[in-house]
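Please take these sequences and the hints and turn them into a complete structure.
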Amino acid sequence: MDETIQLIKKLVEIPSPSGNTEKVISFVEEYLKPLNVNMKRNHKGGLLVTIPGKNNDRHRMLTAHVDTLGAIVKNIKSNGRLMIDLIGGFNYNSIEGEYCQIETAGGKTYTGTILMHQTSVHVYKDAGKLERNQKNIEVRIDEKVHNADDVKDLGIEVGDFISLYPRVEVTPSGFIKSRHLDDKASVAIVLQLIKRIVVDPIELPYTTHFLISNNEEIGYGGNSNIASETVEYLAVDMGAIGDGQETDEFTVSICAKDSSGPYHLGLRRKLIELAKQNNIKYKVDIYPYYGSDASAAIRSGHDIIHGLIGPGIDASHAFERTHTSSLEHTSNLLYHYVQSELTLA
Numbered sequence: 000m001d002e003t004i005q006l007i008k009k010l011v012e013i014p015s016p017s018g019n020t021e022k023v024i025s026f027v028e029e030y031l032k033p034l035n036v037n038m039k040r041n042h043k044g045g046l047l048v049t050i051p052g053k054n055n056d057r058h059r060m061l062t063a064h065v066d067t068l069g070a071i072v073k074n075i076k077s078n079g080r081l082m083i084d085l086i087g088g089f090n091y092n093s094i095e096g097e098y099c100q101i102e103t104a105g106g107k108t109y110t111g112t113i114l115m116h117q118t119s120v121h122v123y124k125d126a127g128k129l130e131r132n133q134k135n136i137e138v139r140i141d142e143k144v145h146n147a148d149d150v151k152d153l154g155i156e157v158g159d160f161i162s163l164y165p166r167v168e169v170t171p172s173g174f175i176k177s178r179h180l181d182d183k184a185s186v187a188i189v190l191q192l193i194k195r196i197v198v199d200p201i202e203l204p205y206t207t208h209f210l211i212s213n214n215e216e217i218g219y220g221g222n223s224n225i226a227s228e229t230v231e232y233l234a235v236d237m238g239a240i241g242d243g244q245e246t247d248e249f250t251v252s253i254c255a256k257d258s259s260g261p262y263h264l265g266l267r268r269k270l271i272e273l274a275k276q277n278n279i280k281y282k283v284d285i286y287p288y289y290g291s292d293a294s295a296a297i298r299s300g301h302d303i304i305h306g307l308i309g310p311g312i313d314a315s316h317a318f319e320r321t322h323t324s325s326l327e328h329t330s331n332l333l334y335h336y337v338q339s340e341l342t343l344a
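So the sequence shown is numbered by numbering that gives the first Met the number 0: it starts at 0 and just counts up by one.
Hints were generated in silico from the structure; no laboratory data involved. Among the hints, erroneous ones may be present.
Distance condition first, Cα-Cα at most 20 Å in a straight line; then the derived PhoX-like pairs of lysine-lysine [as the list claims (entries may be wrong)]: (1) Lys32 to Lys143; (2) Lys143 to Lys107; (3) Lys9 to Lys32.
Set out below in structure tokens:
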């Protein structure tokens, strides 16, 4: 777990909003290179890793995504600040007051803060009551700018990507809190699993593909590059926590249904049985406002058995947190899953 946590810390520190994931995919490639695994990039920029198994006629596939929430410059305002457009499904109030980084098309980076235009309570009487929306939220750039021309002189233009600072921290009690645990916590788990398979070594029963996808937050990270031999497809993402939810920060969450509909019942039952057999603590849950790379694959027409598991993440798409025990139970379930028989349709 120590190595997994250190890997999570490195991953979340790499800016990678959907649409700008080159740096984090390159990091993953460098991590995997010493293992000499078969890997290639797809045209969308994701990374596909394949490990041969005893049976090459039927395959299984796992996916986790490195792309995160973020923003893009919508407009350069006359006051020298930036209007933004959100990347991914989250609310403006969840990023108010956050430090950020603006990356220009030319590769320069600038820092800034995401604020309400009417932030100062000494000036704006209704500062706390005004709606947090695109009109009122802006980026204050940490440069001497007074107008739109000053900003453009820096090289900042409409369409430049804006990344949120993760503020990652690991507590003595075993919590890890950071932005972008969705889904970089699971990416770290999957990378560690690949390493374990190669180093131990473990002979897999079926040829297994691992897709590190880079467009999940905008809905289509895992809907392609699925080999025709693939029978089973498991998304490794996050479990959603809140009122009415079973998921917590200390177990692996097994999804029964999300906004796309139910996941495959047979695969869900097998995951539960694997957890029971191996003393893995788990919760079965429904995520009402959620979609995954597995549901994207189903929607795109692939004839597969699909499932979804992941560590429980509190305050998803905002100030996220999980516990090392949740990471450990998720890791253990995946370890036993990749060595199991395929689910009967």
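Verification of the hints:
Only pairs whose Cα atoms come within 20 Å are accepted, and Lys32 paired with Lys143 is rejected, the gap being roughly 43 Å. Distance hint between Lys143 and Lys107 is fulfilled; the C-alpha atoms sit about 16 Å from each other, no more than 20 Å. Between Lys9 and Lys32 the alpha-carbon distance is near 17 Å, which keeps this suggested pair within the 20 Å criterion.
Consistency with the previously given hints fails for number 1 only.
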